[in-house]
Amino acid sequence: MQKEYLTIKDIYGPLVIVEGVEGVKYEELVAVELKNGDKRTGKVLEVDGDTAMIQLFEGTTGVDIYTSRVRFLGRGIQIALSEDILGRVFDGMANPIDDGPQIIAEKRIDINGDPINPYARDYPEEFIQTGISSIDGLNTLVRGQKLPIFSASGLPHNRLAAQIARQAKVRGSGEGFAVVFAAMGITFEEANYFISEFNKTGAIDRSVLFLNLANDPALERVATPRMALTAAEYLAFDKGMHVLVILTDMTNYCEALREISAARKEIPGRRGYPGYLYTDLSTIYERAGKIQGKTGSITQIPILTMPEDDKTHPIPDLTGYITEGQIILSRVLYRKNVLPPIDVLPSLSRLKDKGMGKDKTREDHADVNNQLFAAYARGKEAQELAVILGEAALSDIDKMFFDFANTFEMSYVSQGEYDDRSIEETLDLGWKLLSVFPTGELKRIRAEYLKKYLPKFKKEEAAAD
Amino acid sequence: MKQGVIIKVSGPLVVADNMSDSKMFDVVKVSDEGLIGEIIELHGDKAFIQVYEETGGIGPGDPVYPTSMPLSVELGPGLITSIYDGIQRPLSVIRDQVGDYITRGVVAEPLDRSKVWDFTATAKEGDEVETGDILGEIKETVAVVHRVIVPHHVKGKVKKLKSGQYKIDDTVCEIEAKDGIKKITMVQKWPVRVPRPYKRKLRPENLLITGQRVVDAFFPLAKGGTACVPGPFGSGKTVIQHQLAKWADAEIIVYIGCGERGNEMTDVLLEFPHLKDPKSGATLINRTVLIANTSNMPVAAREASVYTGITIAEYFRDMGYSVAVMADSTSRWAEAMREISGRLEEMPGEEGYPAYLGTRIAEFYERSGRVSVLCSGNREGTLSTIGAVSPPGGDLSDPVVQATLRVVKVFWSLEDKLAFQRHFPAISWLNSYSLYHENLEESLRNEVAPDIVETRQEAMKILQEEAELAEIVKLVGVDSLSPADRITLETARSLREDFLHQNAFHEVDSYCSSKKMNTMLKLILKLHHLSIDALNGGVPFEELAKIKVKEDIARSKYIPEDQSVQLEKIAKSAESEIEVLKRMYAQKDVVLGF
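Chains as they are written, first to last, in the working numbering: chain U, 1 to 465; chain E, 1001 to 1594.
One should not assume that every hint holds.
[Said to hold, decoys possible] In the DSS-like style, the derived pairs of lysine-lysine whose C-alpha atoms are separated by at most 27 Å in a straight line are: (1) Lys1546(E) / Lys380(U); (2) Lys1548(E) / Lys443(U); (3) Lys443(U) / Lys1546(E); (4) Lys432(U) / Lys169(U); (5) Lys1474(E) / Lys1572(E); (6) Lys1008(E) / Lys265(U); (7) Lys1582(E) / Lys1572(E); (8) Lys456(U) / Lys358(U); (9) Lys1546(E) / Lys432(U); (10) Lys9(U) / Lys1548(E); (11) Lys1162(E) / Lys1124(E); (12) Lys1515(E) / Lys1279(E); (13) Lys1417(E) / Lys311(U); (14) Lys336(U) / Lys1139(E); (15) Lys432(U) / Lys1548(E); (16) Lys1139(E) / Lys1160(E); (17) Lys1183(E) / Lys1201(E); (18) Lys432(U) / Lys239(U); (19) Lys1162(E) / Lys443(U); (20) Lys1548(E) / Lys399(U).
[As the list claims (entries may be wrong)] Pairwise CB distance ranges (calculated): (21) Asp1021(E) / Lys9(U): 32 to 40 Å; (22) Glu106(U) / Val1107(E): 25 to 33 Å; (23) Gly37(U) / Gly1034(E): 40 to 48 Å; (24) Gly1105(E) / Ser153(U): 40 to 48 Å; (25) Asp238(U) / Val1107(E): 23 to 31 Å; (26) Asp419(U) / Ser1397(E): 41 to 49 Å; (27) Lys336(U) / Ser1482(E): 35 to 43 Å; (28) Leu1270(E) / Glu19(U): 47 to 55 Å; (29) Ile1532(E) / Gly272(U): 56 to 64 Å; (30) Asn215(U) / Glu1345(E): 52 to 60 Å; (31) Ser411(U) / Tyr1585(E): 39 to 47 Å; (32) Gly272(U) / Arg1406(E): 26 to 34 Å; (33) Lys451(U) / Ser1114(E): 56 to 64 Å; (34) Gly240(U) / Glu1345(E): 43 to 51 Å.
If you're looking for bench data, these hints aren't it; they were derived computationally from the structure.
Please read these numbers as outputs of a predicted model, since none were measured by experiment.
We treat Cβ as the ideally placed atom computed from N, Cα and C, and that holds for glycine.
One chain only, chain U, in its complex shape:
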């Protein structure tokens, strides 16, 4: 029989301090019962002698000092898992909210997880074709990668994430895949958009959804991504599935973390976020990956909205230091009606080099990719110059790059939500755009590939003349 304590001493913010406790462990799960029978859950943040500090996930509204009862459950927060979770919708604490039955657990797993041994990891290198040129061609995504979308309010990050979820496939493999979707503090409408997108394509049967919406308790959000990732690990490494995890919106998660930190009166780091934000985020992001000898994989696409479009804000900044690249959306491109409005230059996939090349995509991929980047960067420079001096002042070659940057944005980056391009289409499009330049300008492409691929596109041009 667990002891029940009636010895709450202080309540402030999301925190409850209980005195006179015995045998309490750090990070233990706590149940609090209010006078009216309401139940709250929380976890131990600190134990000092016989005093325990507890953080309540659902907030402290209605908790009082004299009649609320506290029980320590002797275990951490766990999630009940079985294959039946596929196709189900849960709240942020993994309780079903789709009128379906409770999950009969095949396994109960602590949501904090243990770090994957780097020695046991397998390097991600299987190319995932998303059908989006600016990702496949320039910022190639691979299985087991964590590639966040850096967005800002008002930009179509949800549509991009849904498009990736819809179109993503590894070519030549029919292996089982699943989508785990964790919503943290997004609106009902946004969550509904994903659900209806998944419904439309039938992906819902292969999906697990964890929804903590904007009107749900904010502090639950601290647990939600961990619930989702524990479920993903189970599907990937116990059941051998390839799991795509979408986490949205990480900014809300970080804010919940800040709230707890502030309530604990910790010394704040930058912008009031706790000093351990990096460590905390890494325990989420680093759960992506592949393990040697296991078929499954976890690919993560976290979405975050940059406050004031600022990339140096602590949330995108620390995320960028942990994840393997980032896809950045641009407001300027979105205004030009470029969809998806991916800002190619600052976007990056660190694992792209392993995912491209012969036998994976095509031998010329890396070179074409480098050349497109270099040409676009130079075109952008020319555009800046033209703003000051006028287009007429550009040298002939600069004018060429100037025009290239425009065409590149309008035909390569912009493709619309329902255009699913194969990697060959993407690469050929790249060659076609590059064919306007004299061969001498294509310094980043090996001569053998120039010889092999370029004539085809030069000829087409000549024929069109």
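Start from chain U and add chain E according to the hints.
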């Protein structure tokens, strides 16, 4: 030894009572799970302990067992090719024990105790030996000969020493010292926070060849020197660190992955067994020790990982090797310090970092250097340290960057602007510096080319001029520049795109020998001189801008090392092409003259 009792748990910080027997920085085992921790503060009977593993499920009343030993590493054969966590537990053994995830309380021996090594005695019975003297050798890997040296505080006469097959704990040698017979095994223990002593420091004056053109030509590092690479995320810090770990001509590499990505360590692990060292021909893993404490592994062990790494490096330095340490990233180490400091409720300094941040960073970098190591004769070893720094938002005013810049001698500044243009390595040629130019002058002239210093200065001057001219171009357009200035711009572009830009993922371009580097640089400058000369001879800029040989120069970086003849050919065709132009316009002049 009496056992302590936990009274408080707050994240990685645990407070225990009844610890009056303990000393500062002693290692303790926390709870019956045996989590490893280190004492970082003592108040009366209370000890503040930073725990190197997750503390969930630990609470007041749990026991603490002192070990009375500071945090130490084991040094001996078997280090090379190993991959350790921050407190020297081999990750391969952990995996065999507990599976794919690192669970708590795992005990794993750092060195394989059952492996039998072939020991060859090099000293003789009857020799007088002291600390650091070599007793014998073991072929540890194809590339590394492990020297068994006399441990510290041992001096005397070799009584027994025989070649043969030994395990690391077997006695290989007996030394008759003043205070009795000392039995020497192949393994030593050393506390990580104490630098291993040496006789004296020497001036670093040998070039550490890295195979990276921008580094070797413009901002060279000395063997025994220190460098830092700060830059925002995505600017290629890790790629540079990996490139240096791959190609630097040090004999031993210690790579510390401190709070970084798990997949990056996997990359090294999977790639190094296949890449060949250009010098020894053996695969790179045969000279590498890896320390991996990835970002999701416990934060306190991250703090320890850099010390673990540098202590192992010092051990190899003491054998007389040139060792290079890559620490990626020291910011994560500093953040770990900050997190622990915050939990100790210390008064914070800048940005919440502890006030002793600068001291700790300086102490760490000062453990590198070119030294005359302890031994009866004369032996030299070098330890070079290259630290990556990850300042928030790439802001160089970050306290970790500033504290680092105060101690290191080479600064490779990474710029995201260059990274966006996919100019890699994104080392800014205008902001970076190396303070070793003078120290290294002789070494450079001997090993690269007799006139490399002048060549470098000229190239650097062209790049400086480009930066100034770019300002003018922004205001008034490129047409307003004189033809000579436009040639300078063209040459600068060629220097940037054809020379400084280096493709780490290209099988040939990944490593560039200093000979090839010198030839390439000279080639670009030669074309510059020829062009200026032709310009004076009446050839218009437009003609010079579109000469064919430029394309060959652009591709010269992809010419394999063994086909250097092709580089000479390019130089020849540059001469002849310009000559043709000159003759053409000289004739025109003559015609017009009539």
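Evaluation of the provided hints:
no., hint, result
1, Lys1546(E) / Lys380(U), "holds, 23 Å"
2, Lys1548(E) / Lys443(U), "holds, 13 Å"
3, Lys443(U) / Lys1546(E), "holds, 14 Å"
4, Lys432(U) / Lys169(U), "holds, 25 Å"
5, Lys1474(E) / Lys1572(E), "violated, 36 Å"
6, Lys1008(E) / Lys265(U), "holds, 17 Å"
7, Lys1582(E) / Lys1572(E), "holds, 15 Å"
8, Lys456(U) / Lys358(U), "holds, 20 Å"
9, Lys1546(E) / Lys432(U), "holds, 24 Å"
10, Lys9(U) / Lys1548(E), "violated, 83 Å"
11, Lys1162(E) / Lys1124(E), "holds, 9 Å"
12, Lys1515(E) / Lys1279(E), "holds, 14 Å"
13, Lys1417(E) / Lys311(U), "holds, 14 Å"
14, Lys336(U) / Lys1139(E), "violated, 65 Å"
15, Lys432(U) / Lys1548(E), "holds, 24 Å"
16, Lys1139(E) / Lys1160(E), "holds, 21 Å"
17, Lys1183(E) / Lys1201(E), "violated, 30 Å"
18, Lys432(U) / Lys239(U), "violated, 43 Å"
19, Lys1162(E) / Lys443(U), "violated, 61 Å"
20, Lys1548(E) / Lys399(U), "holds, 21 Å"
21, Asp1021(E) / Lys9(U): 32 to 40 Å, "holds, 34 Å"
22, Glu106(U) / Val1107(E): 25 to 33 Å, "holds, 31 Å"
23, Gly37(U) / Gly1034(E): 40 to 48 Å, "holds, 43 Å"
24, Gly1105(E) / Ser153(U): 40 to 48 Å, "holds, 45 Å"
25, Asp238(U) / Val1107(E): 23 to 31 Å, "holds, 27 Å"
26, Asp419(U) / Ser1397(E): 41 to 49 Å, "holds, 45 Å"
27, Lys336(U) / Ser1482(E): 35 to 43 Å, "holds, 39 Å"
28, Leu1270(E) / Glu19(U): 47 to 55 Å, "holds, 53 Å"
29, Ile1532(E) / Gly272(U): 56 to 64 Å, "holds, 58 Å"
30, Asn215(U) / Glu1345(E): 52 to 60 Å, "violated, 36 Å"
31, Ser411(U) / Tyr1585(E): 39 to 47 Å, "holds, 43 Å"
32, Gly272(U) / Arg1406(E): 26 to 34 Å, "holds, 29 Å"
33, Lys451(U) / Ser1114(E): 56 to 64 Å, "holds, 57 Å"
34, Gly240(U) / Glu1345(E): 43 to 51 Å, "holds, 47 Å"
Consistency with the previously given hints fails for numbers 5, 10, 14, 17, 18, 19 and 30, ordered from lowest to highest.
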